[in-house]
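Asks: Protein chains in written order, with this note's numbering: chain A, 23 to 313; chain B, 523 to 861.
Please note that a few of the clues may not be correct.
For each label pair, taking beta carbons as the anchor points, the in silico distance ranges come out as [said to hold, decoys possible]:
| no. | chain 1 | residue 1 | chain 2 | residue 2 | range |
| --- | --- | --- | --- | --- | --- |
| 1 | A | P74 | B | D649 | 34 to 40 Å |
| 2 | B | R578 | A | L80 | 36 to 42 Å |
| 3 | B | D693 | A | G172 | 53 to 59 Å |
| 4 | B | L597 | A | G172 | 30 to 36 Å |
| 5 | B | D600 | A | F273 | 55 to 61 Å |
| 6 | A | A207 | B | A761 | 22 to 28 Å |
| 7 | A | L306 | B | A714 | 42 to 48 Å |
| 8 | A | F220 | B | P639 | 23 to 29 Å |
| 9 | B | Y758 | A | F220 | 40 to 46 Å |
| 10 | B | T526 | A | A144 | 48 to 54 Å |
| 11 | B | V542 | A | F273 | 38 to 44 Å |
For the chain A half of the interface with chain B, some residues (derived, Cβ under 7 Å), not all of them [what the hints assert, rightly or not]:
| no. | residue |
| --- | --- |
| 12 | A54 |
| 13 | I55 |
| 14 | V57 |
| 15 | A83 |
| 16 | L84 |
| 17 | T121 |
| 18 | I123 |
| 19 | A247 |
| 20 | L252 |
| 21 | A269 |
| 22 | F273 |
| 23 | Q277 |
| 24 | A281 |
| 25 | G285 |
| 26 | S292 |
| 27 | N296 |
Read the hints as simulated data drawn from the structure, not as lab findings. Virtual Cβ for every residue (Gly too), placed ideally from N, Cα, C.
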Amino acid sequence: MTTIPMTPPARKGAFRRFLTDLAREPLGLAGAIVVAALVLIALFAPLLAPYPPAEQSLTDALLAPSAAHWLGTDEYGRDILSRLIWGARVTMRTVLSVTAIVGPIGLLIGVTAGFFGGRIDAVLMRATDVVLSFPSLVLALAFAAAMGAGLGTAIIAISLTAWPPIARLARAEALVVRNADYVSAARVYGASKWRLLFLYVTPMCLPSVVVRLTLNMAVITLTAASLGFLGLGAQPPLPEWGAMISAGRKFMLDQWWVALMPGVAILITSLAFNVLGDALRDILDPRHTRD
Amino acid sequence: MLNTRLLTGRLGQLVLSLFVLIAVTFVIGRMLPTDPVGAIVGELASPEAYEAMRVRMGLDQPLIMQFFRYVTDLLQGDMGVAAMTGNPVLQDLAIAAPATLELATLAIIISFVLGVPLGLAAALRRDTWVDQVARIISLVGHSIPVFWFGIIGLIVFYAWLGLIGGPGRVDVFYEGLVPPVTGMITIDSLIAGRFDIFGNAMSHIILPAMMLAYAAMAYITRMTRAFTLEQLGQDYVTAARAKGASQTRLLFRHILPNIAVQLITILAISYGGLLEGAVVTEIVFSWPGLGQYMTNALLIGDINAVLAATIVIGIVFMVLNFLSDIAYAMLDPRTREAR
């Protein structure tokens with residue numbers, strides 16, 4: 023139902039308007055709430071977790087969910103809920119780090135290519151297409167294998183192949199924006215190339231890049247969990263969700279909750295990012311409205 | 523018929539991508555913190571023996587010469603020996619590849635058979651409950667960790683319900699009974715006329731294939747819906763409707779032929795995605811394919827095998843992308859020479 027506003031909204035009300043728009047999308051609002059909750063959980067993990075995440079108690083090993091341990095315990099008697107809460111930190115750190123690396127790089131490459139065009143565009147887009155044609159998870163595996171497993175390696179490995187979609191999108195946006203009247207006007211007034219690039223073109227590409235980055239967070243969550251599952255992500259005793267599933271696999275026939283719970287956490291996180299990203303696209307980008 | 527400029531351009535892109543892939547694996551191989559010579563000769567080797575091995579492995583040469591040798595070896599199909607098995611890596615991969623191919627092919631068939639009708643239905647019944655259900659199915663498919671989904675599937679359908687065969691490709695007592703022709707047990711058992719083995723193999727492959735298919739199906743549903751909506755907004759659809767074409771005729775005579783080209787592009791991209799998904803799915807289902815081979819090699823630090831598997835999966839992935847573009851150019855009249 024979003025319509026293209028005839029006059030640009032006043033700066034002051036922009037954020038409030040955004041919140042009203044978001045409230046009209048029940049699914050998107052739910053996604054936003056879950057993401058906000060996950061950030062809070064990650065920030066306040068020490069306060070929220072009922073037990074220390076690495077505290078072993080072999081007498082309490084593999085307990086079914088109960089009042090004392092809401093989600094049960096794992097093979098070392100560690101409280102699964104507490105480990106999930108601490109694991110939110112690992113996931114959020116991975117997602118935010120990759121986004122912080124990939125967002126600016128993708129944006130810069132894409133906007134530069136689209137704005138300048140010609141040979142610069144050809145070279146940058148060739149490089150983008152080459153990386154885009156790589157199987158990213160497999161390459162991340164090989165990279166993690168060579169660098170040694172760990173959270174830092176996982177973040178770098180995922181980042182290496184995650185920037186091309188952002189670059190492509192930013193380029194497509196820049197191609198349209200660079201010919202807009204207000205850019206021509208600024209050019210006539212003598213604005214320098216770099217001024218045009220950073221102050222006039224780049225800001226206009228931001229909304230769709232933000233949408234794409236949000237949707238990307240779902241993919242990053244899943245890739246990071248896959249690396250963790252294969253033992254190439256954050257190392258023990260850090261509670262990483264994918265690694266927790268891998269550990270729970272051994273007991274899946276009798277103590278199914280050990281493998282089940284972390285997967286639910288991954289699913290909820292990834293779903294929240296996807297739903298929020300869809301809603302943001304509908305709100306921020308009038309061309310992609312669903313109805 | 524085919525735009526030659528587009529073809530050569532795309533072919534150049536493919537060759538460049540392959541070259542970069544090989545260069546990247548070379549760099550990864552050289553980044554290793556471990557000493558490749560020491561790994562072979564052992565810690566107790568004399569300095570002379572160590573040096574001799576270093577020369578034999580070509581590691582005394584400048585990097586650029588090492589790279590040259592790496593590329594020429596690869597072009598001759600020499601990917602080195604896997605420390606894990608003692609066999610040439612290429613030989614190992616040739617045994618593992620059909621298993622992955624079998625799994626991914628069945629998965630792509632399932633995902634298309636389910637995804638395309640669901641996407642069509644969602645578009646034709648837009649904003650009804652059908653569309654909402656399709657949207658939720660697709661959203662969850664985009665968000666679910668495929669390895670976890672596989673574990674849950676095993677618990678429910680194998681352990682609790684006993685409906686399917688468990689991990690592996692066939693039950694243990696059926697193993698090695700059919701002569702390998704294609705390396706794909708479902709096909710080999712049919713060739714050998716052993717329908718009991720075929721049935722058993724199907725009961726093993728169906729769950730991993732369906733779990734793997736789900737993520738691809740989510741993507742295919744979403745894209746089919748978008749393509750169809752795009753067509754529904756076209757004038758020719760309104761014209762056909764005005765002439766009184768039924769919904770079925772509209773769908774099969776007008777819309778499907780028009781989105782077929784786009785669907786083929788999606789097919790190739792999804793297949794590439796499935797190959798990646800197969801890497802983690804194979805671990806869960808003890809499926810002896812490329813993914814399991816690669817992960818086993820990873821765990822024991824057999825970098826030769828890891829890089830070779832990366833290259834093989836990468837090549838298949840890139841060739842699929844290439845074929846998808848070419849198919850698009852050949853089938854879509856708008857991209858032909860006249861343009």
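Asks: The structure should be examined with respect to each hint, and the outcome stated for every one.
Replies: Evaluation of the provided hints:
For the pair A:P74 and B:D649, the beta carbons lie near 49 Å from each other, so the given range of 34 to 40 Å is not met. Checked against the given bound of 36 to 42 Å, the beta carbons of B:R578 and A:L80, roughly 51 Å apart, lie outside it. At about 39 Å, the beta-carbon gap between B:D693 and A:G172 misses the expected band of 53 to 59 Å. Checked against the given bound of 30 to 36 Å, the beta carbons of B:L597 and A:G172, roughly 35 Å apart, stay inside it.
Checked against the hint of 55 to 61 Å, the pair B:D600 and A:F273 fails, with Cβ atoms roughly 43 Å apart. Between A:A207 and B:A761 the Cβ separation comes to about 43 Å, which falls outside the hinted range of 22 to 28 Å. Checked against the hint of 42 to 48 Å, the pair A:L306 and B:A714 fails, with Cβ atoms roughly 59 Å apart. A:F220 and B:P639 have their C-beta atoms about 48 Å apart, which leaves the hinted 23 to 29 Å range violated.
Here the CB-CB span from B:Y758 to A:F220 is close to 45 Å, well matched to the stated 40 to 46 Å. At roughly 20 Å, the beta carbons of B:T526 and A:A144 sit outside the given window of 48 to 54 Å. In this structure, B:V542 and A:F273 meet the distance hint of 38 to 44 Å, their C-beta atoms being roughly 43 Å apart. Residue-level restraint check for A:A54 is violated (minimum Cβ-Cβ distance to chain B is 15 Å; threshold 7 Å).
About 16 Å separates the beta-carbon of A:I55 from the nearest beta-carbon of chain B, more than 7 Å, and the hint is not met. Interface restraint check for A:V57: the shortest CB-CB distance to chain B comes to about 13 Å, outside 7 Å, so the restraint is violated. At its closest, the beta carbon of A:A83 sits 20 Å from a beta carbon of chain B; the interface hint therefore is violated under the 7 Å criterion. The interface hint given for A:L84 is violated, since its Cβ lies 15 Å from the closest Cβ of chain B, which is over the 7 Å cut-off.
Hint status for A:T121: violated, given a least beta-carbon distance of 17 Å to chain B, over 7 Å. Interface restraint check: A:I123 against chain B, minimum CB-CB distance 18 Å, threshold 7 Å, status violated. Taken as an interface hint, A:A247 checks out: its beta carbon lies about 5 Å from the nearest beta carbon of chain B, inside 7 Å. At a threshold of 7 Å, the smallest CB-CB gap from A:L252 to chain B is about 6 Å, leaving the interface hint in force.
For A:A269, the interface hint is violated, since its Cβ never comes within 7 Å of a Cβ in chain B; the closest pair sits about 12 Å apart. Because the smallest distance between the Cβ of A:F273 and any Cβ of chain B comes to about 11 Å, over 7 Å, the interface hint for this residue is violated. The closest approach between the C-beta of A:Q277 and any C-beta of chain B is roughly 11 Å, which is over the 7 Å cut-off, so the hint fails. About 5 Å separates the beta-carbon of A:A281 from the nearest beta-carbon of chain B, less than 7 Å, and the hint is met.
A cut of 7 Å between beta carbons decides the hint on A:G285: the least distance to chain B is about 3 Å, and the hint holds. The beta carbon of A:S292 comes within 4 Å of a beta carbon in chain B, closer than 7 Å, and the hint placing it at the interface holds. The closest approach between the C-beta of A:N296 and any C-beta of chain B is roughly 5 Å, which is under the 7 Å cut-off, so the hint is satisfied.
Going through the hint list in order, the structure does not satisfy hints 1, 2, 3, 5, 6, 7, 8, 10, 12, 13, 14, 15, 16, 17, 18, 21, 22, 23.
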